[in-house]
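Visitor: Chain order of the listed sequences is A and B.
The numbering used here applies: residue 2 is where the first sequence begins, and numbers increase by one.
The numbering used here applies: residue 2 is where the second sequence begins, and numbers increase by one.
Watch out, some of these pointers could steer you wrong.
If several chains are the same, the list does not tell them apart, and a pair holds so long as it fits within one copy or across any two.
Listed next, the in silico DSSO-like pairs over lysine-lysine satisfying Cα-Cα at most 27 Å (straight line) [said to hold, decoys possible]: (1) Lys169 - Lys18; (2) Lys13 - Lys348; (3) Lys348 - Lys18; (4) Lys14 - Lys169; (5) Lys245 - Lys158; (6) Lys158 - Lys169; (7) Lys245 - Lys14; (8) Lys247 - Lys18; (9) Lys218 - Lys158; (10) Lys14 - Lys348; (11) Lys13 - Lys218; (12) Lys247 - Lys218; (13) Lys18 - Lys299.
Hints listed in this document are in silico derivations from the structure and should not be mistaken for laboratory results.
There are 2 protein chains.
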Amino acid sequence: MASFDLMRRLAKKQGGKIVMLVMDGLGGLPLEVDGLTELEEATTPNLDRLAREGSNGLTIPIARGIEPGSGPAHLALFGYDPLVYDIGRGVLEAIGIGMEVGPDDIAARGNFCTVDDNGLITDRRAGRIPTEQAAEVVDALRDIRLPGVELTIQEVKEHRFALRLRGKGLSSQILDTDPQVVGAAPLPAQVSANTTEAQHTAGLVNQFIEQARERLKNQRPANMLTLRGFSGDPALPQFQDVYKLKAACVAVYPMYKGVSRLVGMDVIETDPHDEPLDEFNHIAEAWDDYDFFFCHIKYTDSRGEDGSFDAKTAVIEQVDAALPALLDLQPDVLVITGDHSTPARLKSHSWHPVPALIWAPATHMPDRVTGFGERECMTGALGQFPAAELMVLALAHARRLDRYGA
Amino acid sequence: MASFDLMRRLAKKQGGKIVMLVMDGLGGLPLEVDGLTELEEATTPNLDRLAREGSNGLTIPIARGIEPGSGPAHLALFGYDPLVYDIGRGVLEAIGIGMEVGPDDIAARGNFCTVDDNGLITDRRAGRIPTEQAAEVVDALRDIRLPGVELTIQEVKEHRFALRLRGKGLSSQILDTDPQVVGAAPLPAQVSANTTEAQHTAGLVNQFIEQARERLKNQRPANMLTLRGFSGDPALPQFQDVYKLKAACVAVYPMYKGVSRLVGMDVIETDPHDEPLDEFNHIAEAWDDYDFFFCHIKYTDSRGEDGSFDAKTAVIEQVDAALPALLDLQPDVLVITGDHSTPARLKSHSWHPVPALIWAPATHMPDRVTGFGERECMTGALGQFPAAELMVLALAHARRLDRYGA
Numbered sequence: 002m003a004s005f006d007l008m009r010r011l012a013k014k015q016g017g018k019i020v021m022l023v024m025d026g027l028g029g030l031p032l033e034v035d036g037l038t039e040l041e042e043a044t045t046p047n048l049d050r051l052a053r054e055g056s057n058g059l060t061i062p063i064a065r066g067i068e069p070g071s072g073p074a075h076l077a078l079f080g081y082d083p084l085v086y087d088i089g090r091g092v093l094e095a096i097g098i099g100m101e102v103g104p105d106d107i108a109a110r111g112n113f114c115t116v117d118d119n120g121l122i123t124d125r126r127a128g129r130i131p132t133e134q135a136a137e138v139v140d141a142l143r144d145i146r147l148p149g150v151e152l153t154i155q156e157v158k159e160h161r162f163a164l165r166l167r168g169k170g171l172s173s174q175i176l177d178t179d180p181q182v183v184g185a186a187p188l189p190a191q192v193s194a195n196t197t198e199a200q201h202t203a204g205l206v207n208q209f210i211e212q213a214r215e216r217l218k219n220q221r222p223a224n225m226l227t228l229r230g231f232s233g234d235p236a237l238p239q240f241q242d243v244y245k246l247k248a249a250c251v252a253v254y255p256m257y258k259g260v261s262r263l264v265g266m267d268v269i270e271t272d273p274h275d276e277p278l279d280e281f282n283h284i285a286e287a288w289d290d291y292d293f294f295f296c297h298i299k300y301t302d303s304r305g306e307d308g309s310f311d312a313k314t315a316v317i318e319q320v321d322a323a324l325p326a327l328l329d330l331q332p333d334v335l336v337i338t339g340d341h342s343t344p345a346r347l348k349s350h351s352w353h354p355v356p357a358l359i360w361a362p363a364t365h366m367p368d369r370v371t372g373f374g375e376r377e378c379m380t381g382a383l384g385q386f387p388a389a390e391l392m393v394l395a396l397a398h399a400r401r402l403d404r405y406g407a
Numbered sequence: 002m003a004s005f006d007l008m009r010r011l012a013k014k015q016g017g018k019i020v021m022l023v024m025d026g027l028g029g030l031p032l033e034v035d036g037l038t039e040l041e042e043a044t045t046p047n048l049d050r051l052a053r054e055g056s057n058g059l060t061i062p063i064a065r066g067i068e069p070g071s072g073p074a075h076l077a078l079f080g081y082d083p084l085v086y087d088i089g090r091g092v093l094e095a096i097g098i099g100m101e102v103g104p105d106d107i108a109a110r111g112n113f114c115t116v117d118d119n120g121l122i123t124d125r126r127a128g129r130i131p132t133e134q135a136a137e138v139v140d141a142l143r144d145i146r147l148p149g150v151e152l153t154i155q156e157v158k159e160h161r162f163a164l165r166l167r168g169k170g171l172s173s174q175i176l177d178t179d180p181q182v183v184g185a186a187p188l189p190a191q192v193s194a195n196t197t198e199a200q201h202t203a204g205l206v207n208q209f210i211e212q213a214r215e216r217l218k219n220q221r222p223a224n225m226l227t228l229r230g231f232s233g234d235p236a237l238p239q240f241q242d243v244y245k246l247k248a249a250c251v252a253v254y255p256m257y258k259g260v261s262r263l264v265g266m267d268v269i270e271t272d273p274h275d276e277p278l279d280e281f282n283h284i285a286e287a288w289d290d291y292d293f294f295f296c297h298i299k300y301t302d303s304r305g306e307d308g309s310f311d312a313k314t315a316v317i318e319q320v321d322a323a324l325p326a327l328l329d330l331q332p333d334v335l336v337i338t339g340d341h342s343t344p345a346r347l348k349s350h351s352w353h354p355v356p357a358l359i360w361a362p363a364t365h366m367p368d369r370v371t372g373f374g375e376r377e378c379m380t381g382a383l384g385q386f387p388a389a390e391l392m393v394l395a396l397a398h399a400r401r402l403d404r405y406g407a
């Protein structure tokens, strides 16, 4: 595939406007033999017209057969080979709740757990306490102070929390403290590389653990914690640098805003209750300020995870009904796809290739696809291809790439 | 993709005869919604029969979304990954006018420009003087002599010329002398690597520049020159070595002859006014002497660049009408494709995948394609694949590759 060095060399500052509309977990499966998928079942006159006029295909998010997490799946859509570029687990957890992670920051995922009188773990998830209860436990830790670093801690969901250390000279080369079994004690923070920065950071983390142990000892069941996935700013190549794009993100969930920030997009303010039409209206308001808009629709994935075939279909129909507001903006290039498949039938992300269409009236190659759906896309002009190549195609259709060689 | 090491190991001296017919810029786009492409519009009974009987697909010349230059696009057709193998700009300019570039040669692209009394550039292209006028300016430079090297200079088009230095111990590690802006003086030749050879070469180039300055000072508007794209023989792996093929090129334009020479093909003499049938007759005359023929048709691309949909269609029809002369030779493998797309609609090369067919009656896998065209090829046996893999397929169909492993 085209490398970022090549993109830096070929990308032009001028060209058309691109909208990438991502319906999370768009791809699906039929519930029964001869059945239709969620997308095939949905009544989508606008998507069908775009598919009929434009180029269609199927994207492979990570690699054939690999079920994608949301982080790598979005990196791929943004043109980053997810097997090369990596956002650490701690950073993903942090940005997932809107905690920004910058160059001076180290983030980790935390679990509250239960230990017995000997300090041995009896429940690695503290009985999956409700999020509200975890928030109270977190409150008990907020006044922990560490020398020279700013500490931020916040509940995520149930027994999970995110921890961020901000300061100079920190390292993410710290091993997990979770022993992964019951009957063992949480481990102290230890280094995975013997550097001054790692030793210094491990020392700070151990001070945090000791102060937390003291504060939690009378709590039940969350009387201890473990930490995993220490990671720092992945320092990803920036959209402005590699693609020469001024890019904006319109998303409702923090995690997608976070990934967008990591690649250098501006994040447009949204309301947690925004519906697809509201999101498209946010794009309209910022239309003149950006070359590229990433628009994220969450609930296709959520209803897929729920196993609600009909509810997922309804979300797709809601997006379709709102589409004219996006089309009224007359984008030069409109890319519509998902980050991965979430078939209601599987109640889970899956590895199945994801329907994708590129509609760019000045440059697209029409195919014989008659509507937007998995099986129609199998016959399309784009074929099956790595999701990480979609950005290059979007730039090409926007006439934003110089010729390679003479 | 299969590497040259693998080709060296598997390629056999015996096997069928291969013809690769390349219609430059073959791929196109419809002019309007529901329209046909140039190739789909053309009446091509012979191509349609070959497509119906053989295997079809679409090639990706460089990488998805990347608009190919002619040099890299042809390297790909010859099996060289164009992101790995590179022909320098100076060499491309030189071979484009039939100037051969060998192991002792350094080539550069030159521009005549206009400078003011202070030596500052006022026009980087000397008013785009007509080629005939540039030829006279070039004549004024022909008697420049440099110690130990043979100098060749020739006009290209308008203000452009090609320069070749031939001698021992030269280096192409010389920076452009074009400052890329008006109001600045042309730069002296400087090295991009501090080696004896580069310093020696820069010294020679600066002697050339000073003598040229003297000879041009009373010319108007071309009273100075700049040099770019210093490059040497790319030392490409040779057809005879990697494929064990005795190969010949039949082309009308110098550039395609030049690239063929660089990969080790013999270049068969042609007339600049040769039509497709004449080119096929050249192949017939040399039929017994070669295993592989590359035949290049230029005008599909030229008419696409002109934006002349109907004229491009007419060139395709002309090729189709001449095809029986090629088929009469009974090639074992006939590959028909383009080096890239040049849709009349875009008046430019484009990144769109290129229709390709392999007709090899003894070995081809028929598909359900009913005629040769972009949308038919989308459904074919070959799928979409990198153009650089086409040579391996051609060798396979000619039974010229040993089995890999037992």
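Visitor: Could you run down the list of hints and mark each one as holding or not?
Guide: Status of the hints after comparison with the structure:
no.: 1; hint: Lys169 - Lys18; verdict: neither (39 Å within a copy, 52 Å between copies)
no.: 2; hint: Lys13 - Lys348; verdict: between (42 Å within a copy, 19 Å between copies)
no.: 3; hint: Lys348 - Lys18; verdict: between (35 Å within a copy, 21 Å between copies)
no.: 4; hint: Lys14 - Lys169; verdict: neither (35 Å within a copy, 43 Å between copies)
no.: 5; hint: Lys245 - Lys158; verdict: neither (37 Å within a copy, 32 Å between copies)
no.: 6; hint: Lys158 - Lys169; verdict: neither (30 Å within a copy, 59 Å between copies)
no.: 7; hint: Lys245 - Lys14; verdict: within (5 Å within a copy, 46 Å between copies)
no.: 8; hint: Lys247 - Lys18; verdict: within (10 Å within a copy, 49 Å between copies)
no.: 9; hint: Lys218 - Lys158; verdict: within (21 Å within a copy, 78 Å between copies)
no.: 10; hint: Lys14 - Lys348; verdict: between (42 Å within a copy, 21 Å between copies)
no.: 11; hint: Lys13 - Lys218; verdict: neither (59 Å within a copy, 37 Å between copies)
no.: 12; hint: Lys247 - Lys218; verdict: neither (50 Å within a copy, 46 Å between copies)
no.: 13; hint: Lys18 - Lys299; verdict: within (23 Å within a copy, 34 Å between copies)
The structure shown violates the earlier hints numbered 1, 4, 5, 6, 11, 12.
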